[in-house]
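Residue numbers (our numbering), protein chains in the order written: chain F, 6 to 242; chain S, 6 to 242.
Check the hints yourself; a few may be wrong.
When chains are identical, the list treats them as one kind, so a pair holds in a single copy or across two.
[To be verified] Here are the simulated DSSO-like cross-link-like pairs (lysine-lysine), alpha carbons at most 30 angstroms apart as the crow flies: (1) 14 / 62; (2) 124 / 14; (3) 124 / 62; (4) 64 / 14.
Since the hints were derived computationally from the structure, they do not count as laboratory data.
Number of protein chains: 2
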Amino acid sequence: MSEKTTSDKMLGVLGGMGPLASAQFMLRLTLLTPAARDQDHIPAVLWSDPRVPDRTKGKLSGGADPLPWLLRGVRGLRQAGCGAIAIPCNTAHGWYEEMAAEGVPILHIVDAAAAELHKVAPRGTIGVMGTAATLAMRLYQDRLEQQGWTCITPTDAEMAGLVSPAIASVKANRVAEAYAPLATVVTSLAERGATAVVLGCTEIPLGIQAGPYATLGVPLVDTIDALALAAIAWARS
Amino acid sequence: MSEKTTSDKMLGVLGGMGPLASAQFMLRLTLLTPAARDQDHIPAVLWSDPRVPDRTKGKLSGGADPLPWLLRGVRGLRQAGCGAIAIPCNTAHGWYEEMAAEGVPILHIVDAAAAELHKVAPRGTIGVMGTAATLAMRLYQDRLEQQGWTCITPTDAEMAGLVSPAIASVKANRVAEAYAPLATVVTSLAERGATAVVLGCTEIPLGIQAGPYATLGVPLVDTIDALALAAIAWARS
Numbered sequence: 006m007s008e009k010t011t012s013d014k015m016l017g018v019l020g021g022m023g024p025l026a027s028a029q030f031m032l033r034l035t036l037l038t039p040a041a042r043d044q045d046h047i048p049a050v051l052w053s054d055p056r057v058p059d060r061t062k063g064k065l066s067g068g069a070d071p072l073p074w075l076l077r078g079v080r081g082l083r084q085a086g087c088g089a090i091a092i093p094c095n096t097a098h099g100w101y102e103e104m105a106a107e108g109v110p111i112l113h114i115v116d117a118a119a120a121e122l123h124k125v126a127p128r129g130t131i132g133v134m135g136t137a138a139t140l141a142m143r144l145y146q147d148r149l150e151q152q153g154w155t156c157i158t159p160t161d162a163e164m165a166g167l168v169s170p171a172i173a174s175v176k177a178n179r180v181a182e183a184y185a186p187l188a189t190v191v192t193s194l195a196e197r198g199a200t201a202v203v204l205g206c207t208e209i210p211l212g213i214q215a216g217p218y219a220t221l222g223v224p225l226v227d228t229i230d231a232l233a234l235a236a237i238a239w240a241r242s
Numbered sequence: 006m007s008e009k010t011t012s013d014k015m016l017g018v019l020g021g022m023g024p025l026a027s028a029q030f031m032l033r034l035t036l037l038t039p040a041a042r043d044q045d046h047i048p049a050v051l052w053s054d055p056r057v058p059d060r061t062k063g064k065l066s067g068g069a070d071p072l073p074w075l076l077r078g079v080r081g082l083r084q085a086g087c088g089a090i091a092i093p094c095n096t097a098h099g100w101y102e103e104m105a106a107e108g109v110p111i112l113h114i115v116d117a118a119a120a121e122l123h124k125v126a127p128r129g130t131i132g133v134m135g136t137a138a139t140l141a142m143r144l145y146q147d148r149l150e151q152q153g154w155t156c157i158t159p160t161d162a163e164m165a166g167l168v169s170p171a172i173a174s175v176k177a178n179r180v181a182e183a184y185a186p187l188a189t190v191v192t193s194l195a196e197r198g199a200t201a202v203v204l205g206c207t208e209i210p211l212g213i214q215a216g217p218y219a220t221l222g223v224p225l226v227d228t229i230d231a232l233a234l235a236a237i238a239w240a241r242s
């Protein structure tokens, strides 16, 4: 049953967190892959289980533990024969070590974002947006500051009044509503000195791209695209 | 590890044929689902293996047999615990019986399209576009004519010069190029009396939607959306 194809590596995608972000990841994985026909694209299995308990509540406020659900997905992808796993949910990377211990290499979304950040703001002060849990865990700040960047984040009031409600809107399919609050925070970070802003929650690029984001005047790092580019590099290596 | 969620049914999606169509299927499945948070969305596993040999060549011109690849995907989805399978590739339905024999119910894309067609053109003459193999197998014509519609299809010259090249463009990520040839054929079918046109290849809605399709003046049945709606109905039943 063999036929000449470009890649024999199968990518695993642990998604569903949220499902729109993982669908967009699959779309961008396809569109960013150089291909002349179906058989040039990257084989992938997407495990999209939106039943995973809320990651932010799990980390910050005693909500149900998402780890058993995350491990079920990792094991399902391993059983399907996947050689590496991409997780288009930044907050889920708070359980990175436990998932990686299952034995399948996981492409870290912060490393993928850092690679893109190097292209638009190779040093200096950058803004990081994300869920309250991603920021509280310092998923981005610790890794990026080790590499020489200075990180600033939204204020608590901006998180509670703008970023967190916008993320919830995207998860409820009210994507267009998310633009204005997210754009306000991008602008605020730029005014405070950010020379680029990392959209460190995969709902944020969906919301920003529902409006005229190109006019915000500061380079943005889309963590969906960054992870898709890292996955393509893995598949083609 | 339980939490109250809307659906405990896991949908299997046999995709990759092409990968852009199956990513779009996941996007539309998400956007068409009434949901207020991640946990209201439908659990799904997408098996996106674009290495499946070309279905049209397999049926019409002695190309490699796609069936072993299709069965591998069906078995992978069964092993993942999926309770039904949606296949966002019309031509692959030429192997429907062999795949259904694996024991997991498969939502038939022609039945899904017929349900949508009833809403826009409940009787009369309708146009059917698809791959050369889908039309040659009469996947749509036989099922729709049994239900009282009269089907017309593109001419051989339109297939060779317009429809088949447009489908190939989408598979190669050259989506915008597909609009003009596909719009020409939609218009031609309408001029020949079609009161609606079924876009019976999942690359065709992607190509049509890259241009001003709403001005074509004839209702279109998008088989990606039709199948997503059938999948949502299954998950919520």
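Output the indices of the hints that this structure fails to meet, ascending. Per hint list: single violation, 3.
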